[in-house]
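Student: First to last, the protein sequences are chains S and G. Residue numbering for the first sequence is 112 to 858, as defined by my numbering. Residue numbering for the second sequence is 8 to 246, as defined by my numbering.
Everything labelled a hint here was simulated from the structure, so no lab data went into it. A portion of the hints provided could be inaccurate.
Straight-line C-alpha distance at most 30 Å; calculated BS3-like pairs for lysine-lysine [what the hints assert, rightly or not]:
(1) K785/S / K555/S
(2) K222/G / K200/G
(3) K665/S / K593/S
(4) K161/G / K639/S
(5) K551/S / K806/S
(6) K806/S / K156/S
(7) K279/S / K551/S
(8) K547/S / K156/S
(9) K222/G / K469/S
(10) K570/S / K555/S
(11) K785/S / K547/S
(12) K279/S / K161/G
(13) K785/S / K806/S
(14) K222/G / K279/S
(15) K222/G / K732/S
Note that this is a predicted model, so its numbers are computed, not measured.
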Amino acid sequence: MRGDSPQLQDGAKASCGERPFRWRKDPIGASLEDVRARLSSLATKLHEHVDEPTVPLLHEAQRQLEQACCRIGVVGQVKAGKSTFINALVEQPGLLPSNINPSTAVVTLLNFRHSKAVPECAAVFRLFSPDEWQDLAEGGGNLRKLTERLVPGFRPELLRAQLEFMRKRAERRLGPDFHELLGQCHCFKQTTPELLSDYISAGSDYEATSTSERRRLSDITRTAELFFSDGPFAFPVTLIDTPGNNDAFLVRDEVTRRTLDSPDIFIFVLSALQPLSAADLSMLRLLNGLHKDRIIVFINRADQLADPLGDGLTVKSAVERRLRLEFPTLDIPVIAGSSWWGNLSLLADHIDLRAHLKPSDLIALGGPNPSGGEDRHALASVSQLHLSHALHESSGMPQVAATVTRMMGSSGTAVLLRQIAACFLEIARSTAILTKAELKSLEKHQEVRRLEAMTVSSKIAEEQQSLRLAEERTTALQATFKQIDAHFSELIATGTEALRNDLGQIVHEFSNQQAELVLLSRDHRRNKVDVMPLRGRLEGAYLASCGQMASDLKCIEGFLYPQLQVIVGNLPSNSPAGFLEPPRAPLQLLPSAPLSVAVALDLGEPWWRLWFAANPSSQQKADHLRKLIEDEFTPLIEELVSLAQIRLTERVDYTVQRLNAIVDGMLTGIERRKVLLAAEYSLLTGDGDERSSTKLENELAERVHACSETCAACALFVEELTQIIEILETSAAQTDCPQPTMELAGT
Amino acid sequence: MAVRSPEPARRGSPPCIAVAGEARSGKSSLINVLLGSSVLPTGFNDHIPLPVLVSYASRLSLSLELSNGRRVPTDWLATGLTATHNTRRLRLGLPIDLLETCRLVEAAGFATGCDDLDRRALGICRRAHSVVWCTPAVQAWKASERDAWLMLPKRLRERSILAVTYKDAIPSERDAEQLSARLRAEAGPYFSKIVMIANNRAAALGGQPDGPNTKHLWQASGGAEICAAVRALIAEARP
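Generate the whole structure from the sequences, applying the supplied hints.
Tutor: Take a look at the structure:
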């Protein structure tokens, strides 16, 4: 028995709700979840001690903590076993539908949030809006547009035939009134295999007769989202199941590309039978181009090899060798295993495992059994329990889980947590310092009150004077910060403009080069113009230029902060300066996602042959090509530039926000003390009576008490936050210097 | 009939049938099925990065043909090391009846990520009388295969066969039906015939067997059908 047999799906139904986790892997992302929970509770505690202006900052951080979620994209060629892999990883055999033909037609998001509460909706399906459907079904969506741009006025016969097929099928499946469904959003309280199959599966509609009475909506479904309150993940995770690339059904191929830019981690599923073919490599190059260097390669279907363990190791080392050759700078962990085995092991309580395994598999899996051997009777004695454990170990799932946990440590999510921790640390430190300063002055104040009433008056006047001075300086500081803000903005504006010009120049040079080649070449067998090198060059220039801008910003920060420390330090009344440190978090990697957008020049060779035929003379070819390259890449450059602008502005905003928070905090402190002084002063001048004097004294004592509490609390916060940051840094470092690559699952 | 056959040079040489497909699609074992004996290595480590031309010879011989036409005797173990730009192909000579009526060539190298190999393989297919395109059942007929296939002339495609290999990996009869329904719709128009074959099983049977039991297995594996289909191609080429 191979693949997802019907038996497996029946078994899944039986096992729903009472999944036996005898060999449960460690919860994925447990350490990161621990950090998130600690930060969240710290945010609540900090809230009680901080000044008014800091509160929005805390709220924002708390919101980010709540929404933090690691996105894991599962990608790979059509029929590599992505859905089956997800079923095994999330320990729900038969959850996502699978079929001998390409089955997943819709990008499916599986949201795992660990909570006791049952999610409000278990499944949400969004159908295409009438406009989107029109665009896709009548025109062929993006693919059609690309074709139109490459060979204007031409509609490939194949695409037309497939669109016609899809339209007719939607009508046949959903009735002639199916247009009324468009734009709807369907929510369900419970997920059933039938439901998923209706909305996600492409369905085996090539058969002449359709006996199913259920409505299959997958043709018109745009996204499917599933929600789970339980699962193998400790940290909130969204798994993204994608239709495979390299699908002969052109309309489906487009769906995947659009989802590529959002995940933090990619799991790239290969088939052990045809590992790393050209389509796999081009997909990996695309991911690499996107700077998605957190990629895990899972070699699936090891169970279908003649010798699962031996051949599995061969395939694994061949894949590793090829990956090192293709991507020398990347460290891509490779894990070999079998989702089929993973699912089977989960069903041990419901089915007889032996009936589903080849004798050779039994030998391979039952190996460590003391009574093992090739003797049939000995094999029969391999216990179900032992087999289930061996299947679990050899499936590769525990290794995938461990690797995902490790990678999460350096993912964008971890960087976010580190930033939040650093932000909290600064808040705690600055609060501590400000409070200490206030405490000192309060204590001095109390002492003076006790000592001599007469001198108080002059002391008050003195302090008022110094406060005025402090206020003036702080206001001046505020103005300086505004200037810095303006300076930053200007820097970004000029920098991005230069970037735009540079990238434009590269495209221009490339298009001229290619046009020249077309003019010179008499070789009519040229298949297509490969724009991958142009992408590479653009990315290189883009990253270099952004790196330059970022280091300019850093340079300014490095220069700015010590200056600020001096300025703030010179302020009277023990103003805090120690916490003014430049941001330690590295500038987040710039996404080069726009570079992965498919352009007309990416179309396959059949289209290029049309193009070569459509332009008779070499000069025409050259001119058209030049214009085509420039037209296709100019929008991408615009997107890159605006992305750079957004990212750099974010960084600058972070600094500016912190600067403003500091000034605001200082102003609040000054204000508070001014109020106290005013009350004191009015008392002194005889406006107050005895009662208000004791009241003031009580207030003073209360304030002192509150301040000492805050100081003590902040000291604890600082300690805990330092610890958290250390944890985060250690786990990130572990990913950067990878452990030796893992052995084949189960060996 | 072949309108333009760039390899008519040698008078009387029998028509050439190319066996092509992406890496590990079962080309070698399919040739073994046709030859009725396991001559080509099919193990996991036995990938040959060179085309193999199998033709009639009075006794078994294996040689490496260089680009200057010179032939150097070799053995299977050495072939992995000798594939460079100045090697053209491997030539395997066998005293097998079928080879008196045709020559078989294994066109290695689609979708390896190496353009040069792809171009070579395309060239081999173009020069052949017809092609048997191998596609593995569990990942059958991907876009990359279709794109490569559509590069070939229509006339050639129309007298070619799509062999769906590793038929035994299909879980159930119903799955097999669904698969062939899709293939009929998506690939059918580009081939004269689609054949499903459990290539490893058929190869293990070692050609057309006599016993009633093995005869049934031979039928069930699809070996009988592919052999008949290829014979029909040969008959068509030699009126």
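Student: It remains to establish, for every hint, whether it holds in the given structure.
Tutor: Do the hints match the structure? See the list:
A C-alpha spacing of about 15 Å is found between K785/S and K555/S, which places the hinted pair at or below 30 Å, so the restraint holds. Restraint check for K222/G and K200/G: the C-alpha separation of about 23 Å stays at or below 30 Å, so the hint holds. With a C-alpha separation of about 18 Å, the suggested pair K665/S and K593/S falls inside the 30 Å cut-off, and the hint holds. Among the hinted pairs, K161/G with K639/S is consistent with the structure: their alpha-carbon atoms are about 20 Å apart, no more than 30 Å.
Taking the CA atoms of K551/S and K806/S, the gap is near 21 Å; set against the 30 Å cutoff, the hint holds. Between K806/S and K156/S, the direct Cα distance comes to roughly 29 Å. Compliance with the 30 Å bound is thereby established for this hinted pair. With a CA separation close to 81 Å, the supplied pair K279/S and K551/S exceeds the 30 Å bound. Of the pairs offered as hints, the one joining K547/S and K156/S holds, with about 19 Å between alpha carbons and a cut-off of 30 Å not exceeded.
As the CA atoms of K222/G and K469/S are separated by approximately 24 Å, the hinted pair is consistent with the 30 Å bound. Distance restraint check for K570/S and K555/S: the Cα-Cα separation of roughly 10 Å lies within the 30 Å cut-off, and the hinted pair is therefore satisfied. A C-alpha spacing of about 17 Å is found between K785/S and K547/S, which places the hinted pair at or below 30 Å, so the restraint holds. Using a Cα cut-off of 30 Å, the hinted pair K279/S and K161/G holds, with the two alpha carbons roughly 28 Å apart.
Taking the CA atoms of K785/S and K806/S, the gap is about 17 Å. The hint holds against a cut of 30 Å. At roughly 44 Å between alpha-carbon atoms, K222/G and K279/S are farther apart than 30 Å, so this suggested pair is violated. Distance check on the hinted pair: K222/G and K732/S sit about 59 Å apart at the alpha-carbon level, beyond 30 Å; violated.
The earlier numbered hints that this structure contradicts are 7, 14 and 15.
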